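*Asks:* Residues 5 to 591 (our numbering) make up the sequence shown, in order.
Keep in mind the hints are simulated off the structure, nothing from the lab.
Since this is a predicted model, take the numbers as computed values, not measurements.
Careful: at least some of the hints might be erroneous.
[As the list claims (entries may be wrong)] Simulated pairs of lysine-lysine, BS3-like, Cα-Cα distance not exceeding 30 Å: (1) K158 with K219; (2) K128 with K252; (3) K219 with K252; (4) K158 with K171; (5) K158 with K128; (6) K197 with K219.
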Amino acid sequence: MSRARSHLRAALFLAAASARGVMTQVAARRGLSAWPVPQEPSMEYQDAVRMLNTLQTNAGYLEQVKRQRGDPQTQLEAMERYLARSGLQVEDLDRLNIIHVTGTKGKGSTCAFTECILRSYGLKTGFFSSPHLVQVRERIRINGQPISPELFTKYFWRLYHRLEETKDGSCVSMPPYFRFLTLMAFHVFLQEKVDLAVVEVGIGGAYDCTNIIRKPVVCGVSSLGIDHTSLLGDTVEKIAWQKGGIFKQGVPAFTVLQPEGPLAVLRDRAQQISCPLYLCPTLEALEEGGPPLTLGLEGEHQRSNAALALQLAHCWLQRQDPHGAGEPKASRPGLLWQLPLAPVFQPTAHMRLGLHNTEWPGRTQVLRRGPLTWYLDGAHTASSVQACVRWFRQALQGRERPSGGPEVRVLLFNATGDRDPAALLKLLQPCQFDYAVFCPNLTEVSSTGNADQQNFTVTLDQVLLRCLEHQQHWNHLDEEQASPDLWSAPSPEPGGSASLLLVPHPPHTCSASSLVFSCISHALQWISQGRDPIFQPPSPPKGLLTHAVAHSGASILREAAAIHVLVTGSLHLVGGVLKLLEPTLSQ
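Work the whole structure out from these sequences, hints included.
*Replies:* Pasting the structure below:
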């Protein structure tokens with residue numbers, strides 16, 4: 005393995021050399037802290053986003069968060085001080101009629117369903133979510149749409165100036181990136197007078213900065229699993245304890261069916277806090293006696309998210325009605341761990357319309373472009389990747405088989421943070437990809453021209469090395485399938501200092517060829533071979549077909565009757581792909 009590691013290092017050095025010249029501004033990222041603050045009349049959106057990016061957390065801050073996680077009160081008190089300095093008190097947030105949602109997987113989709121259902125009633129909705137896919141303003145939505153660049157710019161500088169004016173020697177002048185956006189969302193929703201705000205937790209629950217909300221109308225917990233272990237704990241039970249931290253005394257909360265251990269933890273947390281917690285009945289139970297519900301989001305796993313969203317919306321509507329019943333009435337005592345079962349009711353026409361009209365880009369999303377079909381899903385945990393694989397394979401089973409040429413399956417993958425890429429890639433193997441392509445979450449080699457896509461929390465060397473390691477995991481899995489005794493380290497074949505293709509694996513040692521590219525754009529250029537009618541970049545960069553695997557694969561892709569591309573492993577990767585495939589999202 006040491007020899008393989010040295011090959012990786014050598015390939016990384018050669019690949020990064022060509023990219024590093026255009027990344028010098030990124031390397032000097034913290035220098036932006038001295039960026040001059042323009043005056044409001046001439047503010048530009050990209051200027052605001054660049055200033056926001058100076059608040060991105062670095063590794064040192066994340067280590068500080070880990071050390072302080074045993075004292076959630078410290079974290080929440082700090083957020084409350086920022087809120088007070090911005091001109092608000094926690095009591096002001098009560099006016100937002102908040103639906104607070106956490107979970108490991110599906111919490112964003114649950115929020116999207118909930119928001120769309122309530123918007124179908126004619127209510128003015130706010131929706132705060134993370135991360136963004138293409139533009140940061142996607143995180144703050146009104147009536148389902150990202151706030152405009154002008155509105156984002158106005159509220160950003162108002163908050164920024166307010167925090168600058170109120171700093172003193174005893175506090176840091178600016179909150180980190182996510183806290184700033186959370187504060188900004190609260191200001192936007194209050195100033196724009198929304199009827200309600202759907203707020204998605206960032207990470208966890210108990211320590212999350214959104215948890216300064218003291219009186220939500222209702223809370224929800226979507227499916228639980230393993231993620232963010234360095235911050236939340238390494239078992240589902242520990243993670244469940246964190247998620248249950250959003251429960252509030254007397255505020256109804258709902259959860260979907262969970263494994264026994266974490267569900268028991270949620271129940272105990274709710275009892276300690278005196279929070280009435282209900283278990284959601286299945287969507288099938290709500291469909292009894294009526295026509296089946298149609299969902300705007302594909303995938304069997306979305307039915308669980310839709311069932312939770314229906315309960316959240318139903319409860320919110322009940323609690324807003326002065327003549328309503330207030331707390332939900334359990335349909336019958338739950339059979340699992342003494343949890344009552346939430347009401348079984350007939351979804352209204354507005355609820356049906358909301359579920360049908362829900363859109364949530366980057367989650368089980370399909371784009372059909374000539375011979376290319378792009379399957380986009382930001383799954384990044386073991387259970388969500390399993391759901392993604394089921395969705396992808398079902399979609400392929402239901403497709404029309406083309407005549408006149410072969411079909412090609414391509415995986416485009418990246419994983420970030422403390423996730424286990426080898427475990428995720430092993431789950432993807434049943435899809436039988438012809439090619440596996442790996443690249444960082446960089447739209448272009450240099451993202452300095454687009455502030456929305458900048459990430460200062462990692463270096464170029466780190467992300468490229470990680471991609472090379474992903475490739476090795478994939479090749480090793482292929483070799484295990486072909487012959488358990490075969491191990492051969494990939495040999496770097498750089499095509500000169502300007503090579504864009506980093507490490508092609510020799511085709512004779514694996515059943516599915518794998519490639520690494522230095523950015524998303526180059527990966528898409530190789531996969532699409534100019535056959536996507538919308539993604540039409542200029543002529544391929546020098547070095548794109550230098551290697552044998554890339555050259556032979558290009559011929560196969562050009563002649564294929566159909567190309568099926570699954571993009572998964574990271575929402576940031578999916579966002580970069582969407583930015584290139586759907587240019588209107590950047591406008």
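*Asks:* Each hint: holds or not?
*Replies:* Results of checking the hints against the structure:
{"no.": "1", "hint": "K158 with K219", "verdict": "holds (28 Å)"}
{"no.": "2", "hint": "K128 with K252", "verdict": "holds (25 Å)"}
{"no.": "3", "hint": "K219 with K252", "verdict": "holds (7 Å)"}
{"no.": "4", "hint": "K158 with K171", "verdict": "holds (21 Å)"}
{"no.": "5", "hint": "K158 with K128", "verdict": "holds (20 Å)"}
{"no.": "6", "hint": "K197 with K219", "verdict": "holds (18 Å)"}
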